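Q: One letter stands for each residue in the lines below.
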Amino acid sequence: GDSVTQMEGPVTLSEEAFLTINCTYTATGYPSLFWYVQYPGEGLQLLLKATKADDKGSNKGFEATYRKETTSFHLEKGSVQVSDSAVYFCALILSGSARQLTFGSGTQLTVLP
Amino acid sequence: DAGITQSPRYKITETGRQVTLMCHQTWSHSYMFWYRQDLGHGLRLIYYSAAADITDKGEVPDGYVVSRSKTENFPLTLESATRSQTSVYFCASISGGSTDTQYFGPGTRLTVL
Chain H
4 GDSVTQMEGP VTLSEEAFLT INCTYTATGY PSLFWYVQYP GEGLQLLLKA
54 TKADDKGSNK GFEATYRKET TSFHLEKGSV QVSDSAVYFC ALILSGSARQ
104 LTFGSGTQLT VLP
Chain F
38 DAGITQSPRY KITETGRQVT LMCHQTWSHS YMFWYRQDLG HGLRLIYYSA
88 AADITDKGEV PDGYVVSRSK TENFPLTLES ATRSQTSVYF CASISGGSTD
138 TQYFGPGTRL TVL
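Here the protein sequences come in this chain order: H and F. First residue of the first sequence: 4, per the working numbering; consecutive thereafter. First residue of the second sequence: 38, per the working numbering; consecutive thereafter.
Hints in this document: simulated from the structure, not taken from any laboratory. Being a predicted model, the structure only gives us computed values, none of them experimental. You can take every hint at face value.
Partial chain H-side listing against chain F, Cβ under 7 Å, derived:
| no. | residue |
| --- | --- |
| 1 | Ser35 |
| 2 | Gly46 |
| 3 | Leu47 |
| 4 | Leu49 |
| 5 | Thr54 |
| 6 | Ala101 |
| 7 | Arg102 |
| 8 | Gln103 |
| 9 | Leu104 |
| 10 | Phe106 |
| 11 | Gly107 |
| 12 | Ser108 |
| 13 | Gly109 |
So, partial list: chain F residues that the calculated Cβ filter (under 7 Å) puts toward chain H:
| no. | residue |
| --- | --- |
| 14 | Leu80 |
| 15 | Tyr85 |
| 16 | Phe127 |
| 17 | Thr136 |
We treat Cβ as the ideally placed atom computed from N, Cα and C, and that holds for glycine.
Could you build all of it, start to finish, from the sequences and the hints given here?
A: What follows is the structure in structure tokens.
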């Protein structure tokens, strides 16, 4: 079945460090790929998305490129801030599906001042 | 205010009791979902609905019942709560396309004693 594998956490970085959170997927069709972020005590918010191969999603300094050849969608940010501390989820939706998201297990990021 | 709301936000109940978690969205989105979030598992789909009066099982449906008599509401009922159903429950909705953003409610933290 379809699945998403995410880099194990937790991840602790100093402010202004470079961030990479790895995400790979297995899917039988052509998925759309998403990164969601969950701040403490809140629901999930869409951070960015990419709907076809080689698309780059970007938002708030975060970027991820849809790599079909490596089935990956790694999240990157050049300089993290304390306010980026949250749990990050990689997810996919298959085209033609019932629109349900398949999630990775989540990566807890803590940024220290 | 437009959006997706859940109630209650927190609930403590006892094993064997029936519990209903409410979800309401104001966008008239076609698709609605219930996920549960557990450490190490990310979010897993319990049930989903493509439209009023159309529901289907997700990955972990056992012990849960849903209904959708109106487009805007999607209640989730635990018919006889068990300790393994202690979790954070998120409702979500999406307007239609698989590339669209799925919007999440703030979550309900349920504890079954």
